[in-house]
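**Q** If you want the working numbering, it's the position in the sequence shown, counting the first as 1, plus 211.
If you're looking for bench data, these hints aren't it; they were derived computationally from the structure.
Treat the hints with care, since some could be wrong.
Here are the simulated distance ranges between beta carbons [as the list claims (entries may be wrong)]:
| id | residue 1 | residue 2 | range |
| --- | --- | --- | --- |
| 1 | THR550 | ASP482 | 27 to 37 angstroms |
| 2 | ARG549 | ASN264 | 34 to 44 angstroms |
| 3 | LEU330 | PRO221 | 35 to 45 angstroms |
| 4 | VAL325 | LEU516 | 17 to 27 angstroms |
| 5 | PRO293 | PRO459 | 44 to 54 angstroms |
| 6 | HIS341 | PRO221 | 56 to 66 angstroms |
| 7 | GLU217 | GLU520 | 18 to 28 angstroms |
| 8 | PRO464 | PRO521 | 38 to 48 angstroms |
| 9 | PRO459 | SER512 | 42 to 52 angstroms |
Every value quoted in this text rests on a predicted model; they were computed, and no experiment measured them.
For glycine and all other residues, C-beta sits at the position ideal for the given N, C-alpha and C.
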Amino acid sequence: MKYIDEFQDPGLARRLLDEIRATVTRPWALMEVCGGQTHTIIRHGIDQLLPDNVELIHGPGCPVCVTPLEVIDKALEIAARPDVIFCSFGDMLRVPGSDRDLFQVRSHGGDVRVVYSPLDALKIAQQNPHRQVVFFGIGFETTAPPNAMTVHQARKLGIPNFSLLVSHVRVPPAIEAIMQSPSCRVQAFLAAGHVCSVMGIREYPELAERFRVPIVVTGFEPLDILEGIRRTVRQLERGEHTVDNAYPRAVRPEGNPAAQAMLADVFEVTDRAWRGIGTIPDSGWRLSERYRDYDAEYRFSVEGLTTREPAACRSGEVLQGLLKPHECEAFGTSCTPRTPLGATMVSSEGACAAYYLYRRLGTTPTPQEASPVA
Numbered sequence: 212m213k214y215i216d217e218f219q220d221p222g223l224a225r226r227l228l229d230e231i232r233a234t235v236t237r238p239w240a241l242m243e244v245c246g247g248q249t250h251t252i253i254r255h256g257i258d259q260l261l262p263d264n265v266e267l268i269h270g271p272g273c274p275v276c277v278t279p280l281e282v283i284d285k286a287l288e289i290a291a292r293p294d295v296i297f298c299s300f301g302d303m304l305r306v307p308g309s310d311r312d313l314f315q316v317r318s319h320g321g322d323v324r325v326v327y328s329p330l331d332a333l334k335i336a337q338q339n340p341h342r343q344v345v346f347f348g349i350g351f352e353t354t355a356p357p358n359a360m361t362v363h364q365a366r367k368l369g370i371p372n373f374s375l376l377v378s379h380v381r382v383p384p385a386i387e388a389i390m391q392s393p394s395c396r397v398q399a400f401l402a403a404g405h406v407c408s409v410m411g412i413r414e415y416p417e418l419a420e421r422f423r424v425p426i427v428v429t430g431f432e433p434l435d436i437l438e439g440i441r442r443t444v445r446q447l448e449r450g451e452h453t454v455d456n457a458y459p460r461a462v463r464p465e466g467n468p469a470a471q472a473m474l475a476d477v478f479e480v481t482d483r484a485w486r487g488i489g490t491i492p493d494s495g496w497r498l499s500e501r502y503r504d505y506d507a508e509y510r511f512s513v514e515g516l517t518t519r520e521p522a523a524c525r526s527g528e529v530l531q532g533l534l535k536p537h538e539c540e541a542f543g544t545s546c547t548p549r550t551p552l553g554a555t556m557v558s559s560e561g562a563c564a565a566y567y568l569y570r571r572l573g574t575t576p577t578p579q580e581a582s583p584v585a
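Given only the sequences and the hints, what does the whole structure look like? Please build it.
**A** Rendered as C-alpha cells:
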C-alpha cells in the first residue's frame, strides 16, 4: 500500500489544514473540476475540516453526468436494435434516458454488454462479423485517447462492423463557460490531474490570466487535495492568478504527446451539449471526416428523438455548482441510486451519489466521522 498510504497520512493532513487556517483571512470559493476529486472530498470530510471561509464548489467533472440526454436516448435506440451488440462501461447502464435506461433495454432482449476497455468491444466485433458492434465512448480527455486508438485500430485492421457513439468533452471550454456565467461565484479552480497528464497545462495560463483565477493542478488522494487547496488559498490571499502544478508525479507541462497525436488524427473539435448545462462551444470531440464511417450516429441515423428531463431533477444546478446535492428536494427520497432521476445520482463520480453514499445529508459530522483519511 506504499504510494497510497503516504498520501493519506493523518499527521500530514493536520499540518496542511493548519497551514490553510493560518493563511486564509477572508472568504474564498474554490471549484474542484473532477468528480473523482469530489468523492475524495466528501468521503474524507475535507470540505468540513476546512476553515468556514473556504468553500468547495463541486464542478461538472463527472463524464457520465454531463453526457447529454439526447445522446443517452440515441444509445438506447441503437442498443434496442436486434442486429446490434451495444458495449459500454458499467456506470452508463443505469443512467436514465427520457423513459428508460440500458438495463431496461437489456431486460427486453437488447444485447447490451459491459466491457472494461474499448478494445474488448473491438474484439467482440471481430468475433461477430455479421452483427454491428457499438461502443459508447464518453468522457473527458482521459478516456478519449484509448477510444481514438480503438477506432484507429478498427480502420487499420479492416473491421467494418465496429462503430463508436461519441460524447467526449473538454475541460478548458467548460472552465471558460463557468467563469462567463452571470451566477458564477468561483474564484479559483482545482484542475483534474488525470486530464492534465494527457493534455498538459498549455490551455490553462490564458484562462487564469483572462479571468484572474488561480488554477492548481491537483491529484486525487486526501493529501493531494489539501495541498492543492493550500496552494490555491495562498495565491488568492496574495492576489495572484497563475497555473501551478501540484501533481508533478503524474503531470508534465507538455502532457502526453503520443496521446495528443492520436486525438488529433481521429477526432476534431466540435460544439458539445452538456447535460443540465447546455451547449458549450468547442467543448467536445467528434470523429473526423477520415473516420466518419466509424461514427455510430452517422451509421445508424438516429433522428427525431424527443428528450424529456424529470421536472423534479435539479442535477443541472448541481453540475453548475449552484446547488449542493442535499439541497435538492428529491435527494434521498424520490431520487436514490436505485431510482435515480439524473445521472449525478447514479454515476460513480456524481456529486449526488457521493453525498448519498457517504451520508452527507446536510448535517455536521462529529470529529470521528470527519477524518482526512480512510
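**Q** Each hint needs a verdict: does it hold in this structure or not?
**A** Here is what the structure says about each hint:
no., hint, in the structure
1, THR550 - ASP482: 27 to 37 angstroms, "holds (33 angstroms)"
2, ARG549 - ASN264: 34 to 44 angstroms, "holds (37 angstroms)"
3, LEU330 - PRO221: 35 to 45 angstroms, "holds (40 angstroms)"
4, VAL325 - LEU516: 17 to 27 angstroms, "holds (24 angstroms)"
5, PRO293 - PRO459: 44 to 54 angstroms, "holds (51 angstroms)"
6, HIS341 - PRO221: 56 to 66 angstroms, "holds (58 angstroms)"
7, GLU217 - GLU520: 18 to 28 angstroms, "violated (43 angstroms)"
8, PRO464 - PRO521: 38 to 48 angstroms, "holds (43 angstroms)"
9, PRO459 - SER512: 42 to 52 angstroms, "holds (47 angstroms)"
Going through the hint list in order, the structure does not satisfy hint 7, though it satisfies all others.
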